[in-house]
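If you're matching them up, the sequences are chains C and F in order. Number 41 in our numbering belongs to position 41 of the first sequence; there are no gaps in the numbering. Number 616 in our numbering belongs to position 616 of the second sequence; there are no gaps in the numbering.
Careful, some of the hints might be misleading.
Said to hold, decoys possible - When the alpha-carbon atoms are kept at most 30 Å apart in a straight line, the in silico BS3-like pairs for lysine-lysine are as follows:
1. C:K71 <-> F:K755
2. F:K419 <-> F:K645
3. C:K39 <-> C:K13
4. F:K184 <-> F:K403
5. C:K71 <-> F:K666
6. F:K755 <-> F:K306
7. F:K6 <-> F:K448
8. F:K99 <-> F:K162
9. F:K403 <-> F:K6
10. F:K666 <-> F:K755
11. F:K419 <-> F:K306
12. F:K448 <-> C:K71
13. F:K756 <-> C:K71
14. C:K71 <-> F:K683
15. F:K145 <-> F:K162
No lab work stands behind these hints, which were simulated from the structure alone.
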Amino acid sequence: MAVAVEAAGSSVKEARVVIGAAVERPVRLKSAEALLRGKSLDLALMRRAGEAAAEEADVVADIHGSAAYKKQLVRIHVARALQAAWQDGDARP
Amino acid sequence: MTVIAKSGQVGRSLPRVEGRAKVTGRAEYIHNLRLPGMLHAKIFRSPIAHGRIRSIDTAAAKAFPGIHAVFTSDEIRRVIPNPYYGPAFHDQPILAIDKVRHIGEPMAVVLAEDSHVAEEAARLIVAQFDELPAVMDEVEAVTSKTIVHDVLKPAGTFPDLKHLEGRKGTNVALDFQLRRGDAKKAFVEAAHVFEHTFRTQQVTHTPLEPMVSVAEADEGRLTIHTASQSPSFVRIEIARLLGWPENRVRVKTAYLGGGFGAKLYIKLEALVAALALLARRPVKVSLGMDEQFFTITKHPSTFRIKSAVDQQGRITARECEVWWNGGAYADIGPRVTQKSGFTAAGPYDIDNVHIDSYALYTNRPPAGALRGFGIPQLVWAYESHTDLIARALKIDPLEFRRKNILREGRPQSTGTAMKDAAIELVLERIAARLDWQKPFDRGAGALKRGRGLAVGFKASIAPTTSVAIVNLYADGSCGLYCSTVDMGQGSDTIMAQIAAEVLNLPAETVKVVHPDTDVTPYDMATLGSRSTYHMGHAVRLAAEDARAKIEALAAELGLPRGSNVPLAELFRKKYGMQAGNIVGTGSFVPSYASPDHATGLTPNATPFWMVGGTGAEVEVDTETGQVRVQRLINVADLGNPINPKIVETQLSGGAIMQLGFTLMEKMEFRDGQLLNPSLADYKIPGMRDLPVRIENEAVAAVQHSGPYGAKGVGESATFGVSPAIANAIDDAVGVRLMELPMTADAVFAALERGKKR
Chain C
1 MAVAVEAAGS
11 SVKEARVVIG
21 AAVERPVRLK
31 SAEALLRGKS
41 LDLALMRRAG
51 EAAAEEADVV
61 ADIHGSAAYK
71 KQLVRIHVAR
81 ALQAAWQDGD
91 ARP
Chain F
1 MTVIAKSGQV
11 GRSLPRVEGR
21 AKVTGRAEYI
31 HNLRLPGMLH
41 AKIFRSPIAH
51 GRIRSIDTAA
61 AKAFPGIHAV
71 FTSDEIRRVI
81 PNPYYGPAFH
91 DQPILAIDKV
101 RHIGEPMAVV
111 LAEDSHVAEE
121 AARLIVAQFD
131 ELPAVMDEVE
141 AVTSKTIVHD
151 VLKPAGTFPD
161 LKHLEGRKGT
171 NVALDFQLRR
181 GDAKKAFVEA
191 AHVFEHTFRT
201 QQVTHTPLEP
211 MVSVAEADEG
221 RLTIHTASQS
231 PSFVRIEIAR
241 LLGWPENRVR
251 VKTAYLGGGF
261 GAKLYIKLEA
271 LVAALALLAR
281 RPVKVSLGMD
291 EQFFTITKHP
301 STFRIKSAVD
311 QQGRITAREC
321 EVWWNGGAYA
331 DIGPRVTQKS
341 GFTAAGPYDI
351 DNVHIDSYAL
361 YTNRPPAGAL
371 RGFGIPQLVW
381 AYESHTDLIA
391 RALKIDPLEF
401 RRKNILREGR
411 PQSTGTAMKD
421 AAIELVLERI
431 AARLDWQKPF
441 DRGAGALKRG
451 RGLAVGFKAS
461 IAPTTSVAIV
471 NLYADGSCGL
481 YCSTVDMGQG
491 SDTIMAQIAA
501 EVLNLPAETV
511 KVVHPDTDVT
521 PYDMATLGSR
531 STYHMGHAVR
541 LAAEDARAKI
551 EALAAELGLP
561 RGSNVPLAEL
571 FRKKYGMQAG
581 NIVGTGSFVP
591 SYASPDHATG
601 LTPNATPFWM
611 VGGTGAEVEV
621 DTETGQVRVQ
631 RLINVADLGN
641 PINPKIVETQ
651 LSGGAIMQLG
661 FTLMEKMEFR
671 DGQLLNPSLA
681 DYKIPGMRDL
691 PVRIENEAVA
701 AVQHSGPYGA
711 KGVGESATFG
721 VSPAIANAID
731 DAVGVRLMEL
741 PMTADAVFAA
751 LERGKKR
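With the rest of the complex left out, here is chain C (with noise of 0.2 Å):
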């Protein structure tokens, strides 16, 4: 999984969400990307941005784990990426 925030101000200007693993190849979830653009980022859109990551991700299941539980984890690591590039990474001014 991967996600980069490019900021303007306290607003989201560009962001990227991909996810690999859970899914046949690693892909761009682009609805929660659209989400995310133009917003001001609070944890509340970070959230919002994983549930729709988790709706648009066409997750598989296999032995490491039931597609369910597979579009959890997608829900609760795109929230938490995004926390962690928000606080942690140079996107914010």
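Here the structure of chain C is known, so what remains is to put chain F in place on it, guided by the hints.
Here is chain F on its own, set in the frame of chain C:
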């Protein structure tokens, strides 16, 4: 009878004698063995779980360039007419006959000078079947119409299996029972009754050196080089299959790249023996990692446990029903059923106990011994159950255990009085290390923390024999001949220390001669944490015998008692030159009384008890179900350690292995097919999965009947890991898992169910 160590060789943390050879890549393994003219054999395996064999078409494989021969059971029976083997039942054919009973069962073998050519040709074999329904679940197997074996064929070596001879129409390979007191009455009178059912999954040993055997036949003799934990058993069983005397079969081992119970009894040895006789050339069978999953596994189990508790929180009765999923061939499963079964009520002082323990045949790959011999499955259930009772009664789990713990001198379920079993001390040391009485940081946000503890115990397998020879050469140097197999547990070092202790030599100067049945004497096997105790005694006795002979030689030469003339000089005085040997022998078999068939009771259930417990602190991510073990505390009673450093690595190694079975490992089946027979898909613990902190402790204890107060330690740290972690998860987030493994997926699902309630 404790003999106190005086020479300082016992109790030393001597580095392993083979350490340098291993880290420099010079240690000898069977995998590296190549013999002139040797052929490689590759196995064609059953693609289905259960079926009658209609045909095996080997024509394309035989026509493949570079193929020496292709054999099925038809050829095997030319050299071994009745090719069924096994330690408890003679139920396993060398290659499938008429029927296949599990996925991956060997059906045909391709021989070629090049192993890759053999592998390629084996893929061209086609088998046709009349498929039969498969029974995979141990509880269903009891009543299933699908019968795995038409008739039961006990090997005859174990008296408690004799009553099963010729039994038909059943999958029950052993029904062990224990009856003590009046459980029925106690349940009627109980203030509280608790009942739970726990399950464990099928896992496997994954030694990083897969099974490998080489056989060469010459002039009516057979030599088998094999990565085996039981060379003496291999010789006896191969001689039986061939109808030969034992002295025509020679079995040699080398260092093993891990065993854990996977390389016991017969695995590939009967097959390579038959192939070498058929091909008239040396033959090697070397399994891939994937093939180990089809060869031997750990029993999946279902355990229904029910307890009666009085007003004061005392357990007054316990009823245990355990079903062991032995897979398609019994291997040593019936022994697991009985030897572990009689401890199913746990290390508690309970007057009324009712145990039924069943070995079941199913259509899974066979199950046998795996580091704990069934005990980790039992402790998982009874220590989870113990915490559930304590929580329901609102008694602190430690206090509840203290109220009920089986103390020294009190009778265990079999009626055998506990002796040298520091159960209480192990429990108290875990509690002390956990600072149980002090407040505990419960975490914050999505990360919740909890802690748990668990204690288990195990009887040593009995009765079993070990024999050792100490040979003192003309210059006074020492060779030690014993058939204990060093598979990484450090037995060469331990045995050298014991011989050196008696003979007052530096342990590193003792040469340990590796198992070779033409050279080294009988040993039952390297299993069940028995070597330090049994072989340790045999080595001690052999060394004492040698010492007595040195003294007799000195006396014969007219020297005063205690004159302490070096042995080399004694030999020169006697023989006039550097010549001669002193050979000391020792053999050891502990006392034991077989349990009564109807009641399971006996006054002497075991030569010694192993006690092991675990304390765990975990952090649970409530949003993902991921469990991080922050602290894993492994405490055991292993008597007086012969080598404290090796004890420490046995404790941490056993605990980490069980951690994999607790949190991640599982053989996944769908429609009889195994989905993950590889280390890519079957995950074992890696460095990142290890607990943040591991602590090991050997409690201050003495096994009075053991050599220098010692006993075994190879399995003890496995006992408590699973329930301690389950108890810690419950403590952290209030959910209870009843089935292993406790994957993040399973923990998260339990959290979701908890929210809905």
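Hints versus structure:
A C-alpha spacing of about 18 Å is found between K71 (chain C) and K755 (chain F), which places the hinted pair at or below 30 Å, so the restraint holds. Proximity of K419 (chain F) to K645 (chain F) is assessed by CA-CA distance (about 26 Å); at most 30 Å being required, the pair is judged to hold. Between the alpha carbons of K39 (chain C) and K13 (chain C) the distance comes to roughly 8 Å, so the proposed pair stays at or under 30 Å and holds. Of the pairs offered as hints, the one joining K184 (chain F) and K403 (chain F) holds, with about 22 Å between alpha carbons and a cut-off of 30 Å not exceeded.
Distance restraint check for K71 (chain C) and K666 (chain F): the Cα-Cα separation of roughly 22 Å lies within the 30 Å cut-off, and the hinted pair is therefore satisfied. The hinted pair formed by K755 (chain F) and K306 (chain F) meets the criterion: a straight-line CA distance of about 27 Å does not exceed 30 Å. Note on K6 (chain F) and K448 (chain F): the hinted pairing is violated, with a Cα-Cα distance of about 51 Å set against a maximum of 30 Å. This hinted pair checks out: K99 (chain F) and K162 (chain F) have alpha carbons roughly 25 Å apart, not beyond 30 Å.
In summary, the hint linking K403 (chain F) to K6 (chain F) is not supported, as the alpha carbons are separated by about 40 Å, beyond the 30 Å threshold. With a C-alpha separation of about 27 Å, the suggested pairing of K666 (chain F) with K755 (chain F) holds against the 30 Å cut-off. The straight-line distance between the Cα atoms of K419 (chain F) and K306 (chain F) is roughly 27 Å, inside the 30 Å bound, and the hint therefore holds. Distance hint between K448 (chain F) and K71 (chain C) is fulfilled; the C-alpha atoms sit about 22 Å from each other, no more than 30 Å.
Distance hint between K756 (chain F) and K71 (chain C) is fulfilled; the C-alpha atoms sit about 19 Å from each other, no more than 30 Å. Of the pairs offered as hints, the one joining K71 (chain C) and K683 (chain F) holds, with about 21 Å between alpha carbons and a cut-off of 30 Å not exceeded. As the CA atoms of K145 (chain F) and K162 (chain F) are separated by approximately 24 Å, the hinted pair is consistent with the 30 Å bound.
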